[in-house]
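Peer 1: Each chain, letter by letter, is given below.
Number of protein chains: 2
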Amino acid sequence: MDLELAKRLSQPAATKIILIVLDGLGGLSQASTLRSELEKAQIPNLDRLAVRSEVGLTVPVGAGITPGSGPGHLALFGYDPLRFDIGRGVLEATGIDFALTATDVAARGNFCTLDGNGNISDRRAGRVATETSAKLVERLRQITIPGVEVFVEPVREHRFVLVLRGNGLGDAVTTTDPQHEGVPPLAARGADAPSTRTAEVVNEFVEKAHALLKDQEQANGLVLRGFANYPELPQFPDIWGVRAAALAVYPMYRGLAKLAGMTPIACPGGMTEQIHLIRQNWDNFDYFFVHYKKTDAAGEDGNFEQKCHALEEFDSHVPELLGLGADVLMIAGDHSTPALMAAHSWHPVPFLLHSKYCRDGNAEHFNEQECIKGSLGIFPAVDVMPLAMAHAMRFAKYGA
Amino acid sequence: MDLELAKRLSQPAATKIILIVLDGLGGLSQASTLRSELEKAQIPNLDRLAVRSEVGLTVPVGAGITPGSGPGHLALFGYDPLRFDIGRGVLEATGIDFALTATDVAARGNFCTLDGNGNISDRRAGRVATETSAKLVERLRQITIPGVEVFVEPVREHRFVLVLRGNGLGDAVTTTDPQHEGVPPLAARGADAPSTRTAEVVNEFVEKAHALLKDQEQANGLVLRGFANYPELPQFPDIWGVRAAALAVYPMYRGLAKLAGMTPIACPGGMTEQIHLIRQNWDNFDYFFVHYKKTDAAGEDGNFEQKCHALEEFDSHVPELLGLGADVLMIAGDHSTPALMAAHSWHPVPFLLHSKYCRDGNAEHFNEQECIKGSLGIFPAVDVMPLAMAHAMRFAKYGA
Chain A
203 MDLELAKRLS
213 QPAATKIILI
223 VLDGLGGLSQ
233 ASTLRSELEK
243 AQIPNLDRLA
253 VRSEVGLTVP
263 VGAGITPGSG
273 PGHLALFGYD
283 PLRFDIGRGV
293 LEATGIDFAL
303 TATDVAARGN
313 FCTLDGNGNI
323 SDRRAGRVAT
333 ETSAKLVERL
343 RQITIPGVEV
353 FVEPVREHRF
363 VLVLRGNGLG
373 DAVTTTDPQH
383 EGVPPLAARG
393 ADAPSTRTAE
403 VVNEFVEKAH
413 ALLKDQEQAN
423 GLVLRGFANY
433 PELPQFPDIW
443 GVRAAALAVY
453 PMYRGLAKLA
463 GMTPIACPGG
473 MTEQIHLIRQ
483 NWDNFDYFFV
493 HYKKTDAAGE
503 DGNFEQKCHA
513 LEEFDSHVPE
523 LLGLGADVLM
533 IAGDHSTPAL
543 MAAHSWHPVP
553 FLLHSKYCRD
563 GNAEHFNEQE
573 CIKGSLGIFP
583 AVDVMPLAMA
593 HAMRFAKYGA
Chain B
203 MDLELAKRLS
213 QPAATKIILI
223 VLDGLGGLSQ
233 ASTLRSELEK
243 AQIPNLDRLA
253 VRSEVGLTVP
263 VGAGITPGSG
273 PGHLALFGYD
283 PLRFDIGRGV
293 LEATGIDFAL
303 TATDVAARGN
313 FCTLDGNGNI
323 SDRRAGRVAT
333 ETSAKLVERL
343 RQITIPGVEV
353 FVEPVREHRF
363 VLVLRGNGLG
373 DAVTTTDPQH
383 EGVPPLAARG
393 ADAPSTRTAE
403 VVNEFVEKAH
413 ALLKDQEQAN
423 GLVLRGFANY
433 PELPQFPDIW
443 GVRAAALAVY
453 PMYRGLAKLA
463 GMTPIACPGG
473 MTEQIHLIRQ
483 NWDNFDYFFV
493 HYKKTDAAGE
503 DGNFEQKCHA
513 LEEFDSHVPE
523 LLGLGADVLM
533 IAGDHSTPAL
543 MAAHSWHPVP
553 FLLHSKYCRD
563 GNAEHFNEQE
573 CIKGSLGIFP
583 AVDVMPLAMA
593 HAMRFAKYGA
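As given, the protein sequences belong to chains A and B, one line each in that order.
When you line the first sequence up against our numbering, it's residues 203 to 602, in that order.
When you line the second sequence up against our numbering, it's residues 203 to 602, in that order.
There may be inaccurate statements among the hints.
[As the list claims (entries may be wrong)] No more than 27 Å apart at the CA atoms, straight line, and that leaves these computed lysine-lysine pairs for DSSO-like: (1) Lys218/A / Lys460/A; (2) Lys599/B / Lys558/B; (3) Lys460/A / Lys495/A; (4) Lys416/B / Lys337/B; (5) Lys558/B / Lys242/A; (6) Lys496/A / Lys242/A; (7) Lys495/A / Lys218/A; (8) Lys575/A / Lys242/B; (9) Lys558/B / Lys218/B; (10) Lys575/A / Lys558/A; (11) Lys575/B / Lys242/B; (12) Lys496/A / Lys558/B; (13) Lys460/B / Lys496/B; (14) Lys599/B / Lys495/A; (15) Lys218/A / Lys558/A; (16) Lys496/A / Lys599/B; (17) Lys558/B / Lys575/A; (18) Lys558/A / Lys599/A; (19) Lys209/A / Lys599/A; (20) Lys209/A / Lys460/A; (21) Lys495/A / Lys242/A; (22) Lys599/B / Lys460/A; (23) Lys575/B / Lys575/A; (24) Lys242/A / Lys575/B; (25) Lys496/A / Lys218/A.
It is worth saying that the hints were derived from the structure and are not from the lab.
Work the whole structure out from these sequences, hints included.
Peer 2: This is the structure in structure tokens:
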């Protein structure tokens with residue numbers, strides 16, 4: 203939906219919307235049982251809810267397109283993921299809770315090993331230990347470049363984040379990672395004037411960093427990629443006219459929601475705490491985004507049983523979630539992560555919307571097969587938010 | 203899908219994709235049996251395959267739009283048929299295996315009968331015999347026009363193809379066919395400078411042709427329509443990163459694929475030979491487009507039983523097709539040709555995609571009714587190629 207239209211139709215109402223994202227929700231059938239994770243898991247509460255809800259399958263980005271976490275969530279928040287793009291560097295910075303500002307360019311960094319000739323001999327520096335890597339990041343913080351603030355932040359193993367802060371820095375900068383070994387890191391190049399300025403800063407940073415890392419055996423070099431400016435997303439509360447809270451255990455999802463203008467609420471304790479915090483903040487917000495990671499983690503590990511367990515664990519919270527009394531409760535996924543594939547996939551994702559105004563009774567369970575029968579059919583994930591607004595009586599009539 | 207995005211997401215893989223187009227596949231129920239061609243035909247192999255595949259119905263161009271063969275195929279190749287248009291003249295030239303080049307303008311020609319006043323008395327020249335027509339075409343080949351190469355090619359009965367080759371020829375040229383009798387052929391007119399140049403050439407050609415045809419009783423005149431430049435299609439192998447082969451018995455389909463940049467492989471012998479040639483060329487290509495005409499021919503003839511036979515004949519080849527071991531095998535149609543209508547129609551077309559990563563088990567048979575239940579739903583034919591790419595592991599993840 204065009205966001206200007208969304209803004210025009212939005213109207214106030216004393217209603218509450220909850221969106222639960224079960225990360226990587228959708229799956230595929232096991233060859234041995236012909237059942238998907240959702241079909242095999244014992245999820246009586248979700249099954250019962252599906253019968254009383256509108257169900258369907260969301261297409262996160264488009265036919266055949268496997269989304270990363272960024273586009274998968276943006277779509278559920280109502281942003282066309284083909285139009286609004288969040289760069290890798292920003293996502294990495296967000297993932298470590300780094301507070302990005304409007305003048306930042308962020309990049310993902312990897313320590314690597316350089317041989318005597320300056321060629322890359324190991325693109326991951328032997329997966330250098332996180333503690334070692336953190337100390338090297340400390341060392342890189344000495345680097346200063348005139349006119350630019352430089353931030354280096356540790357992530358895990360060989361990975362770190364570089365943030366350059368300064369006016370007029372562009373992000374159309376080529377990677378310094380040649381993507382294979384036996385060759386030296388590339389020089390960064392900018393595609394326009396502001397990005398050329400960034401590239402110069404980057405090349406200066408790399409030169410100084412290499413001098414500081416010279417004594418290292420493993421991590422004596424680095425490469426940078428995914429340069430990205432702070433994304434100027436139209437703000438979620440302005441578009442939809444809702445006060446929006448984000449409850450995510452993992453920083454990346456909290457950060458994504460923050461980029462969209464939602465208010466992050468720290469909830470390290472998982473679903474029980476998330477539900478508790480929703481109740482506590484009930485009067486302060488109209489919309490609650492709740493992120494549940496365990497389904498995706500198990501899927502990415504290719505662990506079918508574990509994904510079933512994650513679904514069952516979530517299912518046990520459903521009565522409590524219903525007890526909150528939201529006007530609109532949605533159970534969605536940002537993409538499929540079939541355990542069979544041990545990776546994100548393009549397959550449409552089961553979706554459920556519960557409200558007073560549902561065309562329900564089509565599905566008998568909450569799974570891939572049953573959701574096909576639902577009143578929502580197979581539909582773009584970007585339509586989730588308009589649907590929620592309608593069911594929450596928060597959209598005015600279009601036209602006379 | 204935007205073709206630039208397709209290009210960006212495409213990645214190499216050692217996988218094979220086969221697309222079988224059963225021309226005019228979709229049908230409508232017979233009043234006497236309440237069964238469509240697919241429901242009545244004995245197609246046990248397709249039925250079994252449908253159970254183990256993702257199924258759905260493709261919308262070739264848009265709701266209510268009956269496609270010609272051009273748009274029907276372009277959509278299955280991933281081209282938005284509303285954006286990429288192949289003119290009638292080019293399609294006619296392609297249909298007779300004429301090797302068009304970038305500087306050509308092609309048009310469809312009809313011999314007609316002119317009365318003593320120069321008015322058209324028969325728009326098809328009494329459907330003049332193909333042999334006579336061919337001789338007249340020979341005669342027209344004498345015509346020369348300075349600065350332009352002129353090709354006249356016989357088709358069948360009153361139909362022929364005119365190709366003008368030369369730099370700066372436009373195709374925004376009005377038809378010379380008044381579409382009814384009792385009036386003289388029209389003069390061609392161009393809408394812009396290059397097309398005005400073409401129109402002048404056309405009018406000169408017609409004048410000289412009429413002089414050469416004066417002695418004829420039936421075919422003493424001609425009209426021209428469907429002027430079309432060589433279409434500049436982004437090339438299929440560049441977009442999707444696959445080496446693509448086209449196996450079609452009829453020249454028009456082979457020609458269409460060739461315009462898209464596929465490599466045509468001659469296969470006059472039909473399905474058995476087509477399968478043999480796929481096996482023979484297995485290592486040289488990643489994508490095989492196979493065209494099967496008999497379903498459409500029977501449909502166009504309004505012959506319900508014959509269309510069932512054509513389906514049954516194809517069905518008998520399915521085990522052998524599966525035996526090729528493609529990673530993605532698709533059975534599709536370019537449009538529906540219900541025997542009931544004896545013509546192309548707008549109805550969505552049964553579609554099946556078989557791979558390792560299928561949400562299967564929704565349909566019990568391969569027909570219009572069962573495909574509605576499938577995991578793909580009713581979807582645009584232009585999504586077929588992205589889906590194939592995904593299932594073939596040839597699409598990278600979108601976004602971080």
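Peer 1: Work down the list of hints and note, for each, if the structure agrees.
Peer 2: Against the structure, the hints:
Proposed proximity of Lys218/A and Lys460/A is supported: the alpha carbons are some 19 Å apart, at most 27 Å. Distance check on the hinted pair: Lys599/B and Lys558/B sit about 18 Å apart at the alpha-carbon level, within 27 Å; holds. Under the criterion of a C-alpha separation no larger than 27 Å, the hint pairing Lys460/A with Lys495/A is consistent with the structure, at around 18 Å. Proposed proximity of Lys416/B and Lys337/B is supported: the alpha carbons are some 14 Å apart, at most 27 Å.
Only pairs whose Cα atoms come within 27 Å are accepted, and Lys558/B paired with Lys242/A is accepted, the gap being roughly 19 Å. Pair hint Lys496/A plus Lys242/A holds up; C-alpha atoms about 17 Å apart against a cutoff of 27 Å. Proximity of Lys495/A to Lys218/A is assessed by CA-CA distance (about 23 Å); at most 27 Å being required, the pair is judged to hold. For a cut-off of 27 Å, the pair hint linking Lys575/A to Lys242/B stands: about 26 Å separates their Cα positions.
Under the criterion of a C-alpha separation no larger than 27 Å, the hint pairing Lys558/B with Lys218/B is consistent with the structure, at around 12 Å. Using a Cα cut-off of 27 Å, the hinted pair Lys575/A and Lys558/A holds, with the two alpha carbons roughly 20 Å apart. Restraint check for Lys575/B and Lys242/B: satisfied, since their Cα atoms lie roughly 19 Å apart, inside the 27 Å limit. For the hint linking Lys496/A to Lys558/B, the alpha-carbon distance of about 25 Å falls within 27 Å, and the restraint holds.
Between Lys460/B and Lys496/B, the direct Cα distance comes to roughly 21 Å. Compliance with the 27 Å bound is thereby established for this hinted pair. Taking the CA atoms of Lys599/B and Lys495/A, the gap is about 19 Å. The hint holds against a cut of 27 Å. For the hint pairing Lys218/A with Lys558/A, the CA-to-CA distance comes to about 12 Å; that is within 27 Å, so the pair holds. For the hint pairing Lys496/A with Lys599/B, the CA-to-CA distance comes to about 21 Å; that is within 27 Å, so the pair holds.
Only pairs whose Cα atoms come within 27 Å are accepted, and Lys558/B paired with Lys575/A is accepted, the gap being roughly 23 Å. Only pairs whose Cα atoms come within 27 Å are accepted, and Lys558/A paired with Lys599/A is accepted, the gap being roughly 18 Å. Proximity of Lys209/A to Lys599/A is assessed by CA-CA distance (about 13 Å); at most 27 Å being required, the pair is judged to hold. Between the alpha carbons of Lys209/A and Lys460/A the distance comes to roughly 19 Å, so the proposed pair stays at or under 27 Å and holds.
Of the pairs offered as hints, the one joining Lys495/A and Lys242/A holds, with about 19 Å between alpha carbons and a cut-off of 27 Å not exceeded. Between Lys599/B and Lys460/A the CA atoms are separated by roughly 23 Å; this keeps the pair inside 27 Å, and the hint holds. Pair hint Lys575/B plus Lys575/A holds up; C-alpha atoms about 8 Å apart against a cutoff of 27 Å. Using a Cα cut-off of 27 Å, the hinted pair Lys242/A and Lys575/B holds, with the two alpha carbons roughly 21 Å apart.
In summary, the hint linking Lys496/A to Lys218/A is supported, as the alpha carbons are separated by about 25 Å, within the 27 Å threshold.
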